[in-house]
Amino acid sequence: MMRGRTAMATAITAVAAMVLTACGGGGFSSEDSASAGSLTSDSSKELNVLIASSGDPETTAVKAAVAAWAKKNNRKATVSVASDINQQLSQGFASGSPADVFYLAPEQLAGYAANGSLLAYGDQISNKDDYYQSLLQSLSYDGKLYAIPKDVSTLQLVINTDMWSAAGLSASDYPKTWSDLESVTAKLTSAGHVGLSFSPEYARVGAFMAQAGGGLVNKDGNKATANSAASVKGLTEVKKLLTSGSAAYASDLGAGWGGEALGTGKAAMTIEGNWISGSFSADYPDLKYKVIDLPEGPAGKGTMQFTNGWGIAADSADQQGAVSLVNYLASNDVVMGFAKAFGIMPGNKTLATQWKDDYPALSPFMDGLKYAIGVPTAKGASTVVSDFNSQLAQLKTTEPKTILDKTQTNLEAIIK
Amino acid sequence: MDVTGTQSHGATRIKHGNERLSGWLFCMPMLVILGVFLVIPITMALWVSFSDWSGRGSPFSSHVNFAGFSNYAAVLTKPGLAQSDFGTAIRNNAWYTLLVVPLQTLLSLLLAVMLNRRILKARGFFRTAFYFPSVTSSVAITVLWMFLFGASGSINAMLSWVGINGPNWFNDPRGLIQILLGSIGISKGPSVLTQHGLLGLSWWEWLAGPSVAMFAIMLMVIFTTSGTFMLMFIAALQSIGEGTEEAAIMDGTNAWQRLWHITVPQLKPTIFTVVTLGIIGTWQVFDQIYTGTKGGPSKTTLTPAYLSYSAAFDNQEWGQGAAISFVLFVIIIVMTWIQRQLMKDRKMSRRKTAYYAAMKAETLASAQSASGLGTGQGSARSTSTGDAEHV
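Which chain is which? The protein sequence lines are A and B, in order.
Be aware that the first sequence starts at 1, since it is given in full-length UniProt numbering, and climbs by one per residue.
Be aware that the second sequence starts at 1, since it is given in full-length UniProt numbering, and climbs by one per residue.
Isolated chain A, as found in the complex:
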């Protein structure tokens, strides 16, 4: 009896071990060195592109562009739309068979780059100096460029022009300073709506911190400046607006984001980015709005910028093909096609003027790139930022310094 059991147990263990080895196969076959010439190039494989789409126009445009590249190079490539891109990317990296090319957010980049999932292909992009330096920096880790910018966005002030004129305001009243902003916000507030609304997150209130000369991290992203005097000043201004009653968080108005608050007439102004053009024409076609520069703070103009890059997996069987595809997707014609299809803003200087000529109403967004600050991108930064965001909800009843002190401690723990 004993013997039989032992034998059986051994057999089971053996099977388990075999299964385990099978699970463990693959993965580390290729190292993440990306010096030219050492790229994998198995062109028999199909290239998989994983995107997080904002909607049908984006999906269609990206699919068309990828198909055009595939046809030109006689290759096969498919585009899949992720429902949860972080989860799908992580799963791909863990299993050793990730998508070859994908959208890559700067706040996720450090985590993936640190575990070697990403190909640092930046050196093989010919026109990389054409991109704004601050964008390249937010897509770099440890001095290596892991992705080139797919697009860029900045925040500016968006106003409902009907409410603006109904409040007796004209173009000469566009706020230039914080006190201008306070007074127009008060004037625009009525029984039915507030003057200004935005989401309770760093990606919006950070603009005020930038206008005061602060931000959660310094320009190079290597020092936490969350509780600097400038950052505190910026957040204090936000608190002042909120407690005045003429500004409110979008969530407090029952809106999912600032654009919804503006579109549904719950607010007369909001702070949002260039993505509004697409979403407003789809959801609120009758809304009359205008984009103007955010006011200057004590340290001059300031706003926030966001970018998304094209990432390539280190485990891709055809890194060369992937680089070629990214080069094509980042070429001027394709980028301007994307801009037309779903309203992105190109991240390179060559296209900036052309884009402003094509979309004059949105040009303040492009101008914002000159003075915008980015979000922290160190590994673990997204947890810290989301903790900061969760505290912002209570800004009305909390001292800005208290919130920023805690965030400073959290940032110092991850920025070494």
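Hints are supplied without guarantee of correctness; some may be wrong.
Claimed, not checked - Keeping only pairs whose Cα atoms sit at most 25 Å apart, straight-line, the calculated PhoX-like set for lysine-lysine is:
| no. | chain 1 | residue 1 | chain 2 | residue 2 |
| --- | --- | --- | --- | --- |
| 1 | A | K406 | B | K294 |
| 2 | B | K78 | A | K406 |
| 3 | B | K188 | A | K406 |
If you are wondering where the hints come from, they were derived from the structure by calculation, not from laboratory data.
Since the structure is predicted, the reported quantities are computational estimates derived from the model, not experimental observations.
Once you have looked at the hints, place chain B on chain A.
Only chain B this time, still in chain A's reference frame:
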């Protein structure tokens, strides 16, 4: 014992061997399935929780090192964001369990008792209706709930009919207990509570109670799970004989007394099951959070299960994610054990045992005499009335 058998009866040995082999063969499919989908993944996760695996390739590859208890330390003992997030998640989920388990058990029991009445017309319809939320996808229900409890949703519209200005449910991070305290003028906790704490959270924060947003999720979960547990109670109720119930009616008890003193004690095994399943289910709450609030507002709907997911998939802290899930596992085991101890049948006192024995003997005797006389009903009645007087 086998050895002697093999020596004397060679033929039997072969036969036994065959039986054993075929036994294992029959079990094999299940063993393989359990191994591949349960044992191996759990072993992997346990290893990941003790390793520095960063999320790329196999956790068993040579690049991955043993990291000791560092992942557990990060969430349990090392002051920092990981610890306070974990503390917040445990706080939220403890309140959630504390309120959801008793409420859903009570509600499902009452629904079951109501539906078990013969007098009720259209019982089948009501059973289906109450069970319906349980079989509907939790994602669909969450989406529905987000609409109902929106700032300008139906719930607030209904509240406004009676003059109540409803909260902005899913965006309201205020704790229910702190709201109550605030309404009587206490907005700051005593320094005993605010200066000390556990897992990076002060006791005052622990005692804040579930947030309004969490409360809305609790209502939703009670709404969806009560149907399943109701079904379990109905099944149990139907297996209870009607004798005791009728006897109690004869004794002149009212419906309420019968429910609490006759029905509920007989349902004890089912209550145990329902509470155990409730505790396990509530500590594992994930899909409502994932599809609904993602832990917001202000992390008040963050739960350990969701935190484990987001630590791993969003922040590439795979070791911490796995460690959280094993701490959660321990919590569930401990809670279930405590619950078992609380609901265990207590030993009866000697006096009570003697009393019950006497009562049994009396019943037996009267039943015998009754069968002799042929008027069973009358004597049974007198016996039970007598018992009732003793009690």
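Proposed proximity, K406 (chain A) with K78 (chain B) (alpha carbon, max 25 Å): Satisfied, since the Cα-Cα distance of roughly 16 Å is no more than 25 Å.
Hint consistency between K406 (chain A) and K294 (chain B) [alpha-carbon to alpha-carbon, up to 25 Å]: It holds: about 22 Å lies between the C-alpha atoms, which stays within 25 Å.
Agreement of K188 (chain B) and K406 (chain A) with the hint, judged by alpha carbon distance not exceeding 25 Å: holds (19 Å)
No hint from the list above goes unmet by this structure.
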